[in-house]
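*Asks:* Since chain P is already given, all that's left is putting chain U on it; use the hints.
As given, the protein sequences belong to chains P and U, one line each in that order.
Residue 46 in my numbering sits at position 66 of the first sequence, and the numbers go up by one each step.
In my numbering, each residue carries its 1-based index in the second sequence increased by 324.
Hints were generated in silico from the structure; no laboratory data involved.
For glycine and all other residues, C-beta sits at the position ideal for the given N, C-alpha and C.
Only true hints are included.
Negatives, chain P to chain U, calculated, CB over 10 Å: (1) T1; (2) L5; (3) T20; (4) D39; (5) Q41.
Covered by chain P, according to a simulated footprint, are these stretches of chain U (three or more residues, beta-carbon under 8 Å): (6) 430 to 440; (7) 444 to 451.
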Amino acid sequence: MTTGSEAGGMTAGRGGIVVETDRGLAFVDASFAQRIATVTAIAKVPGAVAPTLGLAVSDGQVVTVLSLAAGDVARGRQAIVICDLSGEQVGLAGGRVVATGVFEADGDGVRHHGSTVPAIDVRALYAHAEAAVWAARAERRERERAADDGA
Amino acid sequence: MKRRERWIDVLRKTAEKAPRLARTPQPSLDEATLWGAHDRAVESVKQTAESAERVAANAARHRTALDGGVERLRSLGGRAADAAAGFARVQEAFDRLGLVALNAGLEGAKIGDPAGRALVLVADELRAYVQRGGDAAKELSATIAEVSAECSKAQAQVEQERAAAGQIADEAARAHASVQAVDRAVEEIGERLRRVTGSDPEVARALHEASSHARGLLTALSTLSSRTQAAPALAALRPMMEPLAKLLRDIDGAAGGDDAEGDG
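Just chain P, same shape as in the assembly (with noise of 0.2 Å):
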């Protein structure tokens, strides 16, 4: 884990977390990201894909777990990094946070031991992730009708 606040003043820098995943590195700002926080499990949810993960309880509240990596993630105890979407509480899984404070600005993102880190649009993410199960839903009524229509 490696130490944040590297910006050379606050004003110019962008607060926030830095999270490592099995794509590489990424930005969580600071104005979606509450707090990390440990869940004990990670719950399947019927219907649910990807880039949903499933549900986690976090001092004492449900929050929607979406997943950061591209790969399989654990759903044992670990840390997820709790985000706050207009009052709605998302987590974020799937990576290892390595750091937080504030960063130098670059571009979308933030520079981190002299590498770009890309920022993660947490809101996109989270409206991509009820697309998907949307649609998902739609494909297996697609299914079933067809089904019903063979039958």
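*Replies:* Chain U only, in chain P's frame:
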């Protein structure tokens, strides 16, 4: 007839006549030799039994010492396991502390400059210490795991040694039992020898001893007589040989008289 053979002949005749002196069956020279061998066997059996007892006692002591070693290693292994569990808790505490530091850094970033700056810096410093502490705890935990593994190996080895010591003790006990059986057999041989020959063991032993000494005397005298300067040496021996010769004559004479009495 050579001188040595003449001496042996004298001794044999003496031995043959001796029974009549005591009016009881007296041992021949062969019987005397047999009794001598019997005595040596008895003595060897006794020594072997003592050795077997000592080996058994030493093996038992060794086994007891190894029992203590096994117990201590077991206790050490248990303590190592406790220490490993303790370090796991320390590691977990460092993990939580690290999470707290990350969250503190995030909060500092949210607050912004200048109020949040101190929080971010303290969070960074805390995370650095947590990192170092966590790494040290991991290393210590790994070292304890190695010590625990070595303890287990040492315990297995000592237990093998303990089993070997137990086998030695068992073998020693079996050897002791065998020796006791040999002792009984030798005793029985002695009893049967006494019954078959009817001879007195004490007389036979004395005769065996006398014949051994006589053989030694004869060998020495034969060596002396073969040398050119033997005469002065033999002259020096004469005062000591005279009583021996007289004793033999007396025994011979008494045996002759006894023969006469027996004949009469």
